[in-house]
Amino acid sequence: MNKKPRSGGAGQIRIIGGQWRGRKLPVPDSAGLRPTTDRVRETLFNWLAPTLQEARCLDCFAGSGALGLEALSRYAGRTTLIELARPVAQQLTRNVATLKAEQAHVVNADTLTWLAQPGEPHDVVFIDPPFRKGMLDSTLNLLEQQGWLSEEALIYIESEVENGLPPVPDNWLLHREKIAGQVAYRLYQRQNVLKESDHVA
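For any residue, its number in my numbering is found by taking its place in the sequence shown, counting from 1, and adding 14.
For the record, the hints were derived by calculation from the structure and aren't laboratory data.
The list that follows gives simulated cross-link-like pairs (lysine-lysine, DSSO-like), each with its CA atoms no further than 30 Å apart:
id	residue 1	residue 2
1	147	192
2	114	38
3	192	38
Label-pair restraints from in silico Cβ distances:
id	residue 1	residue 2	range
4	101	64	35 to 41 Å
5	155	123	15 to 21 Å
6	36	178	33 to 39 Å
7	189	123	25 to 31 Å
8	40	152	26 to 32 Å
9	91	185	19 to 25 Å
10	159	101	28 to 34 Å
Even glycine gets a Cβ: it sits at the ideal position worked out from N, Cα and C.
Let the hints inform the model, and build the full structure from the sequences given.
Structure follows, in structure tokens:
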């Protein structure tokens, strides 16, 4: 399962902005599924507003699809949603069909296995892994090493406050941050790494 426990709110998600604003979509009753809350999504997508239109998005632990589908509603160019649990991925596929979201691609796979292959650049990446499973470090490294990020990609990370700052690559700069209870929400911006030959004295 590519999500972590939550209390309440099971059964559906609601798109909160964009072309599908107000649409409610079913979510499977699956252990560990925890959609990102409306309040957090509103904050996140306010952060992303200047750069989201036509962006290539990657939702690494899609679960309910609350982040990836919200991005498409707000006119992202396309979104790939990776989800391990087959029933959850199947419901995601049905929700994509309901929305007629031709720009969405649902992948039923293990996220780390998928990211270990050579990737293509994405402009916005959502990372909301299961808590206390030790998956965050590997996810960050694979995104950077396997070519999944555009030069100035924005990377959203949701993680436990108790773990402190995530171990991001040196060329990711913290752009926005919010703490709510035991969960930290952070948006990083990747910086293009200059080669030594690019430095002019």
